[in-house]
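Here the working numbering is used: position 162 in the sequence shown is 162, and no number is missing along the way.
Hints were generated in silico from the structure; no laboratory data involved. Some hints here could point you the wrong way.
[Stated by the list, open to error] Below, computed lysine-lysine pairings styled on PhoX-like, alpha-carbon distance capped at 20 Å:
id : residue 1 : residue 2
1  : LYS110    : LYS97
2  : LYS63     : LYS80
3  : LYS123    : LYS97
4  : LYS78     : LYS97
5  : LYS110    : LYS182
6  : LYS171    : LYS123
7  : LYS123    : LYS110
8  : LYS80     : LYS112
9  : LYS97     : LYS112
10 : LYS74     : LYS123
11 : LYS78     : LYS112
If you're wondering where the values come from, they're calculated on a predicted model, not measured in any experiment.
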Amino acid sequence: MSILTFGINVTLDGCIDHTQGIADDELHDYWTRVMEQSGAMLFGRTTYELMEGFWPAVARDEKAPRAMRDWAQKLDAKAKYVVSSTRSDFPWQNTVKVEGDLREAISALKAKTAQGVLVGAPKLAAALEEWGLIDEYRIVLHPIISGHGPTLFQGLPTPRQLELLSTQRFKSGVQALHFRRKAG
């Protein structure tokens, strides 16, 4: 079975508000490389709609910054799966609604996607984490204290032990951390 990786940008205080952070070329290039290593993207409806409302236009905008456009074009072409109980129409190309029992559907998606699946939806990731379905974590830590907003894994009933696989420091001071779930 392939791996499910949760990837997210967070501030030093754990805020996951998408408006907080340093969105420069180096960050976009990093996420493009991470996405390229995965066979599919997985989103909850809210995150999907944020992406759908912005990135397809950037993919077609010849004046968009190179790193943003590269990310957008590769995201546009990538297989995208969406978990939603309120929406069934997903016109963005290569988008499929996840159907049936969520735990079984995500396990099946992992099994059929040899390159692995990258999930970028915090609420969805919290549910997947409770079931032990997340194998790796790509947490990009921004040197910002937000002081507000939702944080990662609020309400998780038990702690998780992770193994640090690698770190990468960007010129902006952003740190990319790559973790794997510890065995046991």
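Are LYS123 and LYS97 close enough, with their CA atoms no more than 20 Å apart? Status holds; Cα separation ~17 Å.
CA of LYS80 to CA of LYS112, is that 20 Å or under? With a Cα-Cα distance of about 14 Å, the restraint between LYS80 and LYS112 holds, given a limit of 20 Å.
Pair hint outcome, LYS110 versus LYS97 [Cα-Cα no greater than 20 Å]: holds (15 Å)
Distance restraint between LYS97 and LYS112, which requires alpha-carbon spacing of 20 Å or less: holds (15 Å)
Next pair to validate is LYS123 with LYS110; report whether the Cα-Cα distance is within 20 Å. holds (19 Å)
Checking one constraint from the list: CA of LYS78 to CA of LYS97, max 20 Å. Satisfied? Roughly 14 Å between the alpha carbons, so the hint for LYS78 and LYS97 holds.
Take the C-alpha atoms of LYS74 and LYS123, compute the straight-line distance between them, and say whether it is at most 20 Å. violated (24 Å)
Given the hinted pair LYS171 and LYS123, is their alpha-carbon gap at most 20 Å? violated (30 Å)
Starting from LYS78, check that the Cα of LYS112 is at most 20 Å away, please. holds (15 Å)
Check the hint pairing LYS110 with LYS182 against an upper bound of 20 Å on the C-alpha distance. Holds: LYS110 and LYS182 sit about 19 Å apart, inside 20 Å.
Between LYS63 and LYS80, is the straight-line Cα distance small enough, at 20 Å or below? violated (25 Å)
Checked against the numbered hints given earlier, the structure breaks hints 2, 6, 10 and satisfies all the rest.
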